[in-house]
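> Just need the whole structure built from these sequences, with the hints factored in.
Take a look at the letters that make up each chain.
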Amino acid sequence: MTLAAGIDVGSAAVKAAVVRDEGNDPVMLGYETVRIRRRDLDEVVRAAYEGALARSGVSADDIAYVATTGEGEGVPFRTGHFYSMTTHARGGLYLQPGARAVLDVGALHGRVVRMDERGKVLGYRMTSQCASGSGQFLENIGRYLGVALEEIGELSQRADDPEACSSICAVLAETDVINMVSRGISTPNILKGIHLSMAGRLVKLLKSAGCEGTVLVTGGLAKDEGLLAAMAEIAVERGLALSIENHEHSILAGAIGAAIWGAFRHKKLAQRRALPV
Amino acid sequence: MTTTETTPIEAWTRRVEDLVLDLDLSAVRAWKDAQPGRKAIGFLPTYVPRELIHAAGMLPVGVLGAGEELEIVRGDACFQSYICHLPRSVMELGLSGRLDVLDGMLFPSTCDVIRNLSGLWQLEFPDKFVRYVDVPQNFDPEVGGKFYERLLRELLGELCALSGKSPEEVDLAASVRIYNTNRARVSELYALRAEEPWRVPASEAYLALRAGMQLPPEEHTALLEEYLELARAAERPMQDNARVVIAGAFCEQPPLPLIRTLERAGCDLVDDDFMLVSRWLGPDVPETGDPLKALVDAYLAFGGEASCKYVPDGEDKGARLIASVREKHAEGVIFAAPSFCDPALLDRPMLQEALDEAGIAYTSFKYSENTGQLQPIREQAGTFADTIKLWGDQ
Numbered sequence: 447m448t449l450a451a452g453i454d455v456g457s458a459a460v461k462a463a464v465v466r467d468e469g470n471d472p473v474m475l476g477y478e479t480v481r482i483r484r485r486d487l488d489e490v491v492r493a494a495y496e497g498a499l500a501r502s503g504v505s506a507d508d509i510a511y512v513a514t515t516g517e518g519e520g521v522p523f524r525t526g527h528f529y530s531m532t533t534h535a536r537g538g539l540y541l542q543p544g545a546r547a548v549l550d551v552g553a554l555h556g557r558v559v560r561m562d563e564r565g566k567v568l569g570y571r572m573t574s575q576c577a578s579g580s581g582q583f584l585e586n587i588g589r590y591l592g593v594a595l596e597e598i599g600e601l602s603q604r605a606d607d608p609e610a611c612s613s614i615c616a617v618l619a620e621t622d623v624i625n626m627v628s629r630g631i632s633t634p635n636i637l638k639g640i641h642l643s644m645a646g647r648l649v650k651l652l653k654s655a656g657c658e659g660t661v662l663v664t665g666g667l668a669k670d671e672g673l674l675a676a677m678a679e680i681a682v683e684r685g686l687a688l689s690i691e692n693h694e695h696s697i698l699a700g701a702i703g704a705a706i707w708g709a710f711r712h713k714k715l716a717q718r719r720a721l722p723v
Numbered sequence: 007m008t009t010t011e012t013t014p015i016e017a018w019t020r021r022v023e024d025l026v027l028d029l030d031l032s033a034v035r036a037w038k039d040a041q042p043g044r045k046a047i048g049f050l051p052t053y054v055p056r057e058l059i060h061a062a063g064m065l066p067v068g069v070l071g072a073g074e075e076l077e078i079v080r081g082d083a084c085f086q087s088y089i090c091h092l093p094r095s096v097m098e099l100g101l102s103g104r105l106d107v108l109d110g111m112l113f114p115s116t117c118d119v120i121r122n123l124s125g126l127w128q129l130e131f132p133d134k135f136v137r138y139v140d141v142p143q144n145f146d147p148e149v150g151g152k153f154y155e156r157l158l159r160e161l162l163g164e165l166c167a168l169s170g171k172s173p174e175e176v177d178l179a180a181s182v183r184i185y186n187t188n189r190a191r192v193s194e195l196y197a198l199r200a201e202e203p204w205r206v207p208a209s210e211a212y213l214a215l216r217a218g219m220q221l222p223p224e225e226h227t228a229l230l231e232e233y234l235e236l237a238r239a240a241e242r243p244m245q246d247n248a249r250v251v252i253a254g255a256f257c258e259q260p261p262l263p264l265i266r267t268l269e270r271a272g273c274d275l276v277d278d279d280f281m282l283v284s285r286w287l288g289p290d291v292p293e294t295g296d297p298l299k300a301l302v303d304a305y306l307a308f309g310g311e312a313s314c315k316y317v318p319d320g321e322d323k324g325a326r327l328i329a330s331v332r333e334k335h336a337e338g339v340i341f342a343a344p345s346f347c348d349p350a351l352l353d354r355p356m357l358q359e360a361l362d363e364a365g366i367a368y369t370s371f372k373y374s375e376n377t378g379q380l381q382p383i384r385e386q387a388g389t390f391a392d393t394i395k396l397w398g399d400q
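Line order of the protein sequences matches chains F and L.
Everything in the first sequence is counted per the working numbering, starting at 447 for the first residue and increasing by one.
Everything in the second sequence is counted per the working numbering, starting at 7 for the first residue and increasing by one.
Keep in mind the hints are simulated off the structure, nothing from the lab.
Owing to the predicted nature of the structure, the values given are computational and were not obtained by experimental measurement.
There could be a bad hint or two in this list.
What the hints assert, rightly or not - In silico DMTMM-like cross-links for lysine to aspartate or glutamate, where the CA-CA straight-line distance does not exceed 25 Å:
#1 K650/F x E563/F
#2 K714/F x E202/L
#3 K372/L x E519/F
#4 K650/F x E385/L
#5 K323/L x E359/L
#6 K372/L x E694/F
#7 K323/L x E363/L
#8 K566/F x D399/L
#9 K45/L x D140/L
#10 K669/F x E691/F
#11 K713/F x D399/L
#12 K372/L x D290/L
#13 K134/L x D106/L
#14 K566/F x D607/F
#15 K45/L x D177/L
#16 K714/F x E269/L
#17 K714/F x E385/L
#18 K653/F x E385/L
#19 K714/F x D362/L
#20 K566/F x E269/L
#21 K713/F x E202/L
#22 K152/L x D140/L
#23 K714/F x D399/L
To be verified - Facing chain F, according to a computed beta carbon distance under 10 Å, are these residues of chain L, among others:
#24 E148
#25 A200
#26 E201
#27 W204
#28 A240
#29 M244
#30 Q245
#31 N247
#32 R270
#33 A271
#34 R384
#35 K395
Idealized CB from N, CA, C, for every residue including glycine.
In structure tokens form, the structure reads like this:
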């Protein structure tokens, strides 16, 4: 049995997960998510890691491999680091074994990763550097409208006449939103318009990556049911055979994937008698 | 991640980084100012026999461009857009007066661009000593050997004339000994890095080597010894990274942030071809007999390998690279070559073919000494490291 931890350092939150791996059957024991909120990153990482250990009922000494991902290359107590695409692919497969692609929508980017049944990355596509397809953009809009991030999805699904907005540039989209508010457009219709705009870009990304079948949405925006509904609508409109799903632990996909790969790597190194000491 | 305390090795790194990134060559100026009449001779990559400059009583100074520290204006006027970045920045350094401290320049036969740069240098700086050093591409002692010996005797005479030292005073054997010691410390550094890469990050090893481009060899040897002691004593955790060899960076140097990016992406760089002048001959140049002949023989028999060196038998192409991978227990190769570097980029397909046959993984990218956009390289190196770690044995 191997216990491994994964720590995913994102731009808005640090996620940590602990996995127990027996043979080829990993099981997540516990997890923790801590928002960064301009605090010292060292402290946030430590809090997420210790929280995940406590919720898993294990101690740091029990962990054979601490794997970081995301922006976690600088975590001093890591055993190794895996790149985000590698970890989201494996974490996505753990959460949804039928998925052959993950759509990682985080605070500052959108990214599609295709993988095989082992979690090996087969290809990927990323959005351009513009933030209009990202969680940070949506959070900013929510702030203008006085809506909490968690409420956005539900409100969006109440829309009856969504208002189109710019899908190219976050700055233009924000200007659009200000205009919409002054024109008296309802909050649900504004939010649905934004969701459709973001969904259009993300579905285009899925198409360009050659995705088919089940796609698991990971990252911070996976919880946004309004965005998923908008993506499903657009996929149907465009005749794409995609089942776009989320999971209650979607936000942890990177951390889970890192932990699973950490355990996998630990076993390999043990076989070679080359374990880090 | 931030730490507040500065460890001895961090203090060493900052000190040496300041030295290396100083485009005004303050260390060279200080060396000259310490004793009236001292002279310094610049040289470009890949290889010149620094022992001759040292024996003539002058300071050899490696000129490796301006990295990302200087905006190129006048240098661009001298070269076409399809020429690499190094000659532009070297020309910019020269025309802006930053290389005035150098009393001469040696341009080795690395490529056509360096040769043309030597011609431009003669036109731009007619009062300075300029020499094109045509290191041989024929390794037959009777042909390339005789040619090289004659070239070195001429060069030593010219350097003595410049320094004012009479050829009778020259103790070339002593210079060979001093550089042998220096090369032995460099070998020790590379051996430690290959054995325990977490103790010797490539970025620090690079700084340690590059400091030798400005310091007298005796001082550089002491600096290397200081670093080796600090590295062995430093408490650094072993990490699970992919062991890779870098190939193609033998002339125009990658910017330091690029080397750090590769390391952060999960690559332990266990061998490289940075500043090969420091390692071209190895530490065992014979210290008895005719020292000049010893330098010639060492060049012919044991000289290093880079794309600028002709490999007479095509079957041997890539053999040194593969041997390095095997000796250093590397798991892959990163081909990192400067944009528009003809020797490295023309060699690359042949080297890749050799690696394919040997079953060694590789990835490739281009850079420039002033490359600032490192995110694509980070992604590429990161996924390469993951591939090696997870699927390398399949």
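> Holds or violated: K714/F and E269/L, Cα atoms, limit 25 Å.
holds, 22 Å
> Hinted pair, alpha-carbon criterion (25 Å max): K323/L, E359/L. Please report holds or violated.
Since the Cα atoms of K323/L and E359/L sit roughly 9 Å apart, the hinted pair holds (cutoff 25 Å).
> Given R384/L as an interface hint, is its Cβ closer than 10 Å to any Cβ of chain F?
holds, 9 Å
> Take the C-alpha atoms of K134/L and D106/L, compute the straight-line distance between them, and say whether it is at most 25 Å.
holds, 9 Å
> Run the distance test for K713/F versus E202/L: straight-line Cα separation, threshold 25 Å.
holds, 21 Å
> For the pair supplied as a hint, K372/L and E519/F, confirm whether the alpha-carbon distance does not exceed 25 Å.
holds, 23 Å
> Take a quick look at whether K152/L and D140/L sit within 25 Å of each other, Cα to Cα.
holds, 13 Å
> Does K372/L pair with D290/L here, judged by a C-alpha cut-off of 25 Å?
violated, 34 Å
> Sort out whether D399/L lies within 25 Å of K566/F, counting only the CA atoms.
Holds: K566/F and D399/L sit about 14 Å apart, inside 25 Å.
> For the pair supplied as a hint, K566/F and D607/F, is the alpha-carbon distance within the 25 Å limit?
violated, 42 Å
> Tell me if the interface restraint on W204/L is satisfied: Cβ within less than 10 Å of some Cβ in chain F.
The hint holds - W204/L has a Cβ within 10 Å of chain F, the shortest such distance being about 8 Å.
> Do the alpha carbons of K372/L and E694/F lie within 25 Å of each other, as the hint requires?
violated, 42 Å
Hint compliance for this structure: hints 6, 12, 14, 24, 25, 26 and 28 are broken, all remaining hints hold.
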